[in-house]
Amino acid sequence: MIAFLLRRIATFLATLAIASVVIFAALELLPGDPAQIMLGIDAPPDALEALQKKLGVDRPVVERYFTWIGGLVVGDMGESFTYVMPVSDLIMTRLGVTLPLALLAALISVVIGVPVGLYAAANHKTPRDYGVMIFGQLGIAIPNFWFAILLVLVFSIYLGWFPAGGFPGWDAGFWPAIKALILPAFSLAIVEAAIFARISRSAVLDVLREDFVRTARAKGLSRKSTLVKHVLRNAMIPIITICGLELSSLLVGTIVIEQVFNIPGLGRLVFQSLTQLDLMVVKNLIMLLVALVVFINLVVDLLYAVIDPRLKHQGH
Amino acid sequence: MSTFLKNARMHRSLMIGGVLTLLLLSVAVLSLFWTPWSPTAIDIANKLKGPSAKHWLGTDHLGRDVLSMLMSGSQISIIVGFLAVSVGLLVGVALGALASTYRGWVEELIMRMSDFSIAFPIIITAVLLTAILGPGTVNSILAIGIFNIPIFARITRGAANAAWAREYVMAAQTCGKGRLRITIEHVLPNISGALIVQATILFAVAILAEAALSFLGLGTQPPEPSWGKMLNNAQTFVGLAPHLAIFPGLAIALSVMGLNLIGDGLRDVLDPKLARAR
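Chains as they are written, first to last, in this note's numbering: chain A, 4 to 319; chain B, 3 to 280.
Rather than coming from a laboratory, the hints here were simulated on the basis of the structure.
All C-beta atoms in this analysis are idealised placements derived from N, C-alpha and C, irrespective of residue type, glycine included.
Careful: at least some of the hints might be erroneous.
Said to hold, decoys possible - For lysine to any residue, the following SDA-like pairs were computed, each having C-alpha atoms within a straight-line distance of at most 20 Å: (1) B:Lys-56 / B:Ile-46; (2) A:Lys-57 / A:Gly-73; (3) B:Lys-51 / A:Leu-156; (4) B:Lys-51 / A:Leu-230; (5) B:Lys-51 / A:Ile-160; (6) A:Lys-128 / A:Arg-226; (7) A:Lys-182 / A:Val-114; (8) A:Lys-56 / A:Leu-280; (9) A:Lys-128 / A:Ala-46; (10) A:Lys-128 / B:Asp-270; (11) A:Lys-128 / B:Ile-46; (12) A:Lys-232 / A:Leu-211; (13) A:Lys-128 / B:Ala-167; (14) A:Lys-57 / A:Val-77; (15) A:Lys-232 / A:Tyr-122; (16) A:Lys-128 / B:Lys-51; (17) A:Lys-128 / B:Arg-14.
What the hints assert, rightly or not - Interface residues of chain B toward chain A, partial, derived using beta-carbon atoms under 7 Å: (18) Pro-123; (19) Ile-126; (20) Ala-133; (21) Pro-137; (22) Ala-213; (23) Leu-242; (24) Gly-251; (25) Val-258.
Work out the full structure: start from the sequences and follow the hints.
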């Protein structure tokens, strides 16, 4: 177990190291002087020189890379030149919106998807099962940003139940803030719910074919209690894995959905800094998103090993 | 082959998927020669009109014909999907085949590389590319293509490793054929089924991703019509003209569903053992 843990963590760190080099190199490849790009062609020379100095353009590449990484390790991401504040503060504020949104979406998708999948499996090869499969096909084919627009059309414009966009901030109180996140969370959740339903269905169907299920039925256990006591517990392993993996795709999905609903989270920040060419923010933000995705995968791997002890002894 | 056709005809999802995909392809081909109106012709006097006899699916905020834009937009979806899947297929299959042919450190290196790629989801790669190259269709193709490479590499390596244990490969080895030659002549043809299934499903993923990227303004740029871009414009006017939001979304969903159904159906037909289990 210790060896497994250490190997996974080493892979995690190596992945982050390579990713940081890729991101740094990609943005270094930008033709021309980054300070000039950020400030525009007709920038006053003294402002240009000041920014050049701040970015350290005059220093060698390797030194700049390690300055960046050294800063990251102690939480210093430099300063955003458009927002005139530390990038880390900027990101923390935005994370306070994006993270709740992603978690709310994850909650909704699990609460809808898993029971629906179980329901389909319990009614295998009946019209109810086919109904769920059609829902699953629809769910994975519908773009989440389109679903978002449709939700706005129905629940904001026609019914007026929820705001069509924007975010009042957590200072405005818990309920108004959550209310602004409900439609975005549902737009994100529907696709994931469809995926969960499909995965849960096939996970349960797989377990249903196992010998111990037949034994349970043979010893006189009812269909229902076999399903609850034996099948569900065993089907949870693949379901939990997918939940973890989907959490990272939800996080990335917020980039699109925040754009639709005008929510000031990390996703909006990506595009704002991209259009304003605030490269300091772009670089650190991409690094953070990549780190989050890789971290979630690490946690899933470790959880998987805890749940399924057989894995600890295998190579992968 | 005749059983294949018989299975295919009987298979409902394959049939529905086939019809939807054929429709998508014919619309794209037709739009090369003919659209009801020019997809870029602006007619402000007739803006935001609902569906009518003149404009079957209505007009957008610049008075452009929605049906014509949808028809031309299908070209971008197909081109991006095709090229992105091709990039993934060519590079990914080559890497996966190399890994399975030479095993050892080659396999280890290639597989660790494909683990690494999980760190770069499509949108993040596209953002990075946009910061470097500026927005454009090429970004979509590259971002989606790069995303596809490790998927194909893993599938190829898994299926190829299984094929290496089969009798026909052993027979070829006994004949003294080299490992690379066996991979090309025997292994790859035998795993093509799995690759075709994966390519179909990733084509669907590519259409979705292209729409998302052009919706975000990272991909295809106006005036080139694209479904994602149309939805982006539609968002502003959704209260006034809901048809603008409904039709492009339907086009995306139906195209994606068509390809997904073909993928699912092909998997069932090519692998009947799995089909029974489902």
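Hint check:
Proposed proximity of B:Lys-56 and B:Ile-46 is supported: the alpha carbons are some 15 Å apart, at most 20 Å. For the given pair, A:Lys-57 sits about 16 Å from A:Gly-73 by alpha-carbon distance, which is consistent with the 20 Å threshold. Straight-line distance between C-alpha atoms of B:Lys-51 and A:Leu-156 comes to about 17 Å, which keeps the hinted pair within the 20 Å bound. Annotation: proposed proximity of B:Lys-51 to A:Leu-230 is violated, straight-line Cα distance about 54 Å (limit 20 Å).
With a C-alpha separation of about 19 Å, the suggested pairing of B:Lys-51 with A:Ile-160 holds against the 20 Å cut-off. As the CA atoms of A:Lys-128 and A:Arg-226 are separated by approximately 16 Å, the hinted pair is consistent with the 20 Å bound. Between A:Lys-182 and A:Val-114 the CA atoms are separated by roughly 19 Å; this keeps the pair inside 20 Å, and the hint holds. A C-alpha spacing of about 18 Å is found between A:Lys-56 and A:Leu-280, which places the hinted pair at or below 20 Å, so the restraint holds.
Restraint check for A:Lys-128 and A:Ala-46: not satisfied, since their Cα atoms lie roughly 68 Å apart, outside the 20 Å limit. For the proposed pair A:Lys-128 and B:Asp-270, the alpha carbon gap of about 16 Å is at most 20 Å, so the pair holds. Between the alpha carbons of A:Lys-128 and B:Ile-46 the distance comes to roughly 53 Å, so the proposed pair goes past 20 Å and is violated. With a C-alpha separation of about 12 Å, the suggested pairing of A:Lys-232 with A:Leu-211 holds against the 20 Å cut-off.
For the hint linking A:Lys-128 to B:Ala-167, the alpha-carbon distance of about 35 Å lies beyond 20 Å, and the restraint is violated. This hinted pair checks out: A:Lys-57 and A:Val-77 have alpha carbons roughly 19 Å apart, not beyond 20 Å. Of the supplied pair hints, the one linking A:Lys-232 and A:Tyr-122 holds, its CA atoms being roughly 15 Å apart against a limit of 20 Å. Proximity of A:Lys-128 to B:Lys-51 is assessed by CA-CA distance (about 45 Å); at most 20 Å being required, the pair is judged violated.
With a C-alpha separation of about 14 Å, the suggested pairing of A:Lys-128 with B:Arg-14 holds against the 20 Å cut-off. Given hint, B:Pro-123 at the interface with chain A, holds; its Cβ is 5 Å from that chain's nearest Cβ, closer than 7 Å. Because the closest C-beta pair between B:Ile-126 and chain A is about 6 Å apart, less than 7 Å, the hint holds. Hint on B:Ala-133 holds. Least Cβ distance to chain A is approximately 5 Å, under the 7 Å limit.
For B:Pro-137, the shortest C-beta to C-beta distance to chain A is roughly 9 Å, which exceeds 7 Å, and the interface hint is violated. Contact between B:Ala-213 and chain A, as hinted, is supported at the beta carbon level, the nearest pair being about 5 Å apart and thus within 7 Å. A distance limit of 7 Å between C-beta atoms decides the matter here; for B:Leu-242 the minimum to chain A is near 10 Å, and the interface restraint is violated. Checking B:Gly-251 against chain A: minimum C-beta separation of about 4 Å stays under 7 Å; hint holds.
Evaluation of the B:Val-258 hint against chain A yields a held restraint, the C-beta minimum of about 4 Å falling below 7 Å.
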